[in-house]
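Sequence lines, in order, name chains A and B. Be aware that the first sequence starts at 159, since it is given in the numbering used here, and climbs by one per residue. Be aware that the second sequence starts at 8, since it is given in the numbering used here, and climbs by one per residue.
Take the hints with a grain of salt, since some may be wrong.
Below, in silico cross-link-like pairs of lysine-lysine (DSBU-like), each with a Cα-Cα straight-line distance of 30 Å or less [said to hold, decoys possible]: (1) B/K85 to A/K214; (2) B/K75 to B/K31; (3) B/K85 to A/K194; (4) A/K194 to B/K31.
Not close to chain A: a few residues of chain B, all C-beta gaps over 10 Å, as computed [stated by the list, open to error]: (5) E21; (6) K31; (7) V60; (8) T122.
Example chain B residues on the side facing chain A (calculated, C-beta under 10 Å, incomplete) [said to hold, decoys possible]: (9) V11; (10) Q44; (11) F81; (12) L111.
Read the hints as simulated data drawn from the structure, not as lab findings. Cβ atoms here follow ideal geometry from the backbone N, Cα and C, with glycine treated the same way.
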Amino acid sequence: GQQVMQIPQYQHVQEGEDFTTYCNSSTTLSNIQWYKQRPGGHPVFLIQLVKSGEVKKQKRLTFQFGEAKKNSSLHITATQTTDVGTYFCAGRGANFGNEKLTFGTGTRLTIIP
Amino acid sequence: DAGVIQSPRHEVTEMGQEVTLRCKPISGHNSLFWYRQTMMRGLELLIYFNNNVPIDDSGMPEDRFSAKMPNASFSTLKIQPSEPRDSAVYFCASSLGTGGDSPLHFGNGTRLTVT
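The task is simple: from the sequences and hints, build the whole structure.
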């Protein structure tokens, strides 16, 4: 079945440093979504990417979808304490019969003030 | 907008007891999902419904788990009998569309502890 892996599993950064998490799928995706889960909270939708090579920005967050539509990344510039949480990618399979959304393993970001 | 509403927020029960988790999706959303989250296994899709019909229940661990959606505004996830390994946070989510092509809106979750 479809697998979606994220690296790193954990990331500790000094406040103000940049942060990147990478998402890799075992199969081609039709789209990819990113979610953020604060400690003790629930996943909250951030963005969806659909096109090959697509890049989208939300303030200090930059999201990218790979050319082959099998990988994606989230980059945060100049992290702040409010960025703390676990970031999940979720990919939808592109092949018939494999269209369900599969969540990645997540990257937990902690910020050192 | 009330969002997805789950109850209870916390449930502590003894092994062997029946547990029922409840979910009210966002009005107008036609897809509903049940996820389980643990440290070891992450976010796992248990089952999802589209227009109240179960579409994919391949993630349901075993026969002890069952889910229903009798109407567009209510769903339940039942575990009977419960076991300690069922301890986890259970999330319900809803979305427009058939699932995977529009954002999921998650409820606050039910933290289940089975002793």
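Here is how each hint holds up against the structure:
Among the hinted pairs, B/K85 with A/K214 is inconsistent with the structure: their alpha-carbon atoms are about 40 Å apart, more than 30 Å. For the hint linking B/K75 to B/K31, the alpha-carbon distance of about 12 Å falls within 30 Å, and the restraint holds. Between B/K85 and A/K194, the direct Cα distance comes to roughly 28 Å. Compliance with the 30 Å bound is thereby established for this hinted pair. Between A/K194 and B/K31 the alpha-carbon distance is near 22 Å, which keeps this suggested pair within the 30 Å criterion.
Even its closest Cβ contact with chain A, about 25 Å, leaves B/E21 beyond 10 Å, as expected for a residue assigned away from the interface. At roughly 15 Å from the closest C-beta of chain A, the C-beta of B/K31 stays outside 10 Å, upholding its exclusion from the interface. With a least CB separation of 15 Å from chain A, B/V60 remains clear of the 10 Å interface cut-off, as annotated. For B/T122, the non-interface assignment is confirmed: its Cβ lies about 21 Å from the closest Cβ of chain A, beyond the 10 Å cut-off.
A least Cβ separation of about 9 Å between B/V11 and chain A falls short of the 10 Å threshold, and the interface hint therefore holds. Because the smallest distance between the Cβ of B/Q44 and any Cβ of chain A comes to about 9 Å, under 10 Å, the interface hint for this residue holds. Restraint check, B/F81 versus chain A: the minimum CB separation of about 19 Å is more than 10 Å; hint violated. Contact between B/L111 and chain A, as hinted, is supported at the beta carbon level, the nearest pair being about 6 Å apart and thus within 10 Å.
Hint compliance for this structure: hints 1 and 11 are not met, and every other hint is.
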